[in-house]
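**Student:** So the sequence lines, in the order shown, correspond to chains Y and P.
Heads up: the first sequence is residues 606 to 1030, going by this note's numbering.
Heads up: the second sequence is residues 410 to 875, going by this note's numbering.
Hints should not be assumed to be uniformly reliable.
Unchecked claim - With a straight-line Cα cutoff of 25 Å, these simulated SDA-like cross-link-like pairs (lysine to any residue) come out:
hint	chain 1	residue 1	chain 2	residue 2
1	P	Lys652	P	Glu680
2	P	Lys740	Y	Val706
3	P	Lys678	P	Ala641
4	P	Lys740	Y	Glu973
5	P	Lys740	P	Gln599
6	P	Lys861	Y	Ala724
7	P	Lys740	Y	Gln820
8	P	Lys740	Y	Pro703
9	P	Lys740	Y	Ala724
10	P	Lys740	Y	Arg1015
Hints are computed from structural coordinates only; laboratory data are not their basis.
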Amino acid sequence: MRRAWILLGVLAPAIAASPTAANAGTLAIVGGTVETASPAGRIPDGTVLIRDGRIVAVGAAIDIPAGAEIVDARGKIVTPGFMDPVSTIGLSEVSLEPSTVDTNVANDRFGASLDAADAFNPRSMLIPVNRIDGVTRAVVTPVGVAGGVIVGRSAAVNFGDAAAAVDRRHVAVHAMFGEAGAAQAGGARTAAFARLREALGDARDFGQNRRAWEQAGRRDYGLHHHDLEALQPVLRGELPLVVHVERASDIVALIELADEFGVRLIVTGGAEAWMVADRLAAAGVPVIINALANLPHSFESLGATLENAARLAAAGVTVAFGPDSTGGGSHNSRNLGQSAGVAVANGLPWQVGLAAITANPARIYGLEDVGQLQPGFVADVVIWDGDPLEVTSYPDAVYINGRAMPMESRHTLLRDRYLELLNLR
Amino acid sequence: MINFETRLHASWLAGCALIITACAAPPPGTDPAATTGQSMPFASTYSPPPGAPTLLVGATILTGDGTRLDEAAVYFADGVVKAVGTDLAVPPGTRVVEARGKWITPGLIDVHSHMGNYPVPGAVAHQDGNELTSPNTAGVWAEHGVWPQDPAFNTARAGGVTVVQVLPGSGNLFGGRGVTLKNVPARTVQAMKFPGAPHSLKMACGENPKRVYGSRNIAPMSRMGNVAGQRAAFNAARQYLEKQERAAQGKGEAPPHDLNLETLAGVLKGEILVHNHCYRADEMALMIDLAREFGYHPGTFHHAVEAYKVADLLAEAGMCASVWADWWGFKLEAWDTTRENAAIVDAAGACAIIHSDSPVDIQRLNQETAKVMAAANRAGLPVTPEHAIRWLTSNPARSLGIAERTGTLTPGKMADVVVWNGNPFSVYAMAEQVYIDGALVYDRHDPDRQPKSDFELGMTGIGGGL
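Turn these sequences into a full structure, and let the hints steer you where they fit.
**Tutor:** This is the structure:
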């Protein structure tokens, strides 16, 4: 925080340095290189004007209203906040302490109807840790249901207001195929695929014959009626079905299944997605990948490559980055910028790399006013001390819904305590 | 990401995130054969690959000992560094590589790897890193479970890694002996073994051993049981050693040869270096006292997410802490981390190392270190690139007892050298050329210098992004 206040002092020494003061009126972030992650692209020496938690203007020649609080971002890079599109933040605190983990269940009753929003903790200690490094939002997802391939519904959350953190309760239904799905379904992809087909087929039948089912005039279904209900928006195309899958042939099978049922598919994982990039592009299926995955971690990812993102984007596929599972998962969503940077170093255009952790994750979930510095969008804005995709860059200030966030976490408090104790400061 | 979390936990249970190192100014180049008084079995058959006398000119050089040279050159021949500086005179016929705009560092050294014993693919058949049949398996050797065809050796090399220590996992109090390898393509592990490098002992404290055995209702079930198990084992080793010494003086029978006790006795004799997987500050202090009780050097703490809390104790004990840049939160003993962990350890005068414990992160140790360096600078702990590179070169060399041989670009040392396309402390940095003992073993611009393992033949795309 200290650094942010120094910045404020440059142009507006009279402004009270408190986060709440920033909320009251209009905020103008001036002089920075503005990376909008929108069609406007990069705006050198740009201004971002914020009022009532929304962006009201972005550009090079913006009139700043009298009385606006001014933040000097000269020499800095200004971006939208980053978004973790497949997050367990707020659902999993200490991974190996089951009492703190709400991502995985062992039950034989529910699947699709399980709601991440019901378990999400907006006061998770993971939030400040990731927020001070520029992550402002997430789609939080259930992870596993023992014996099931459909694991529940995700929610869109912001990291700025614990009292109103859930922006949308239902943004997608999540499922798994490939090795993980096969393991849950009894050991083979055939069974996992049959489960997916059964779920979608039963849900369609249920939706068309709900009255008959309620009068016990319809056959039994393999799924609980709550799950069948949860799948209705998927069948109507209102919510996407997000499936974790790695192997190229598995991806193609899912594209065909989604086409059969008229379902909007999103692929996560996608280690071999580049091998079927044309099919994905033609079907309009976005892919959420781990940008660092280049090893044959399993026999379903033998084709993994650091050029996955670049090849997919070149083919016209919308790409977003999820957290690196091997590097701490959502505990380290803060490394999304590094993921994007590695993809850029391996051929992805820089602007696409930024979009893959801002605009794209929002867009693929239908979050229309998130992830870009555009008028009308939520004012999640990060002021960086350098290239936001660079491992040596950190935020000087983070705004969520127009509010300046405190730039501290347990980790910075621990650091400061022990720097004092060891007489290193 | 479903799979990722699951796999992550599986790998921890398997013993990934569980190590300790033996940092402390160990006797360099100790001959492990001395441990047993007989010729060392499974001896190294490593022979340096062929290389040409080479002069790299015009680069920014981080020598690994804290020095930065601009517009400078390094000359190596016969497998060793001959000179570093400007205006070097070299013999005619020397291969000259224009490296203007490039950065040169010593080869990176990872003290915590499971390549080969937890290789990719992570198949059931490949779980060779944890002998979870007893809390004390000091007698097993990591090298006996290393699959040299692990494709991860190649991607690590492409990230500038020239030396790795492969360790047993941390499920046991005493996981077994670690092995230090030169990261060259080879058919056998013997052909990778760093000649003369000391053996190490992998120890573990904290959650892993007590979880693995406590869940079976056998000791250790608690941290108390952990320390009791460690003390009992070293007591037995002390008696074993005393018997051996008395027998050598003609007083009584030598004890029956025991693989576990041989390893622990090697530690007591200072010939085997301790690498101790330990997260919590209070447990590190206990491990230091354990070493004092039995008179061995406590070595290197691995993972050590709370090392910053006892950085002064580590310095006083002459230890290294080998840590991640930012992994945290996967278990409770990994809860209290801070980005500046390594930098605080360093600032307090202890030996700081960034390690990977991961075939993914080992490809980007430079980036991991960059994150810490930048965070430290913002927090008021100045760290320069020429200093930070020590966390990946000379400090890990010290931890492994090979500092006299490699880890800095010092004349006479092994010519383990990386040419980067720019400042290595960047997300865009790429190792362009990697030399081991003066031989060009990786060239980013020459497919013929990008070795593939047997496993990779005939497959689409493995490592294809490199």
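**Student:** All hints, please: hold or fail.
**Tutor:** Hints, verified against the model:
no., hint, verdict
1, Lys652/P with Glu680/P, "18 Å, holds"
2, Lys740/P with Val706/Y, "11 Å, holds"
3, Lys678/P with Ala641/P, "17 Å, holds"
4, Lys740/P with Glu973/Y, "36 Å, violated"
5, Lys740/P with Gln599/P, "36 Å, violated"
6, Lys861/P with Ala724/Y, "46 Å, violated"
7, Lys740/P with Gln820/Y, "50 Å, violated"
8, Lys740/P with Pro703/Y, "10 Å, holds"
9, Lys740/P with Ala724/Y, "20 Å, holds"
10, Lys740/P with Arg1015/Y, "16 Å, holds"
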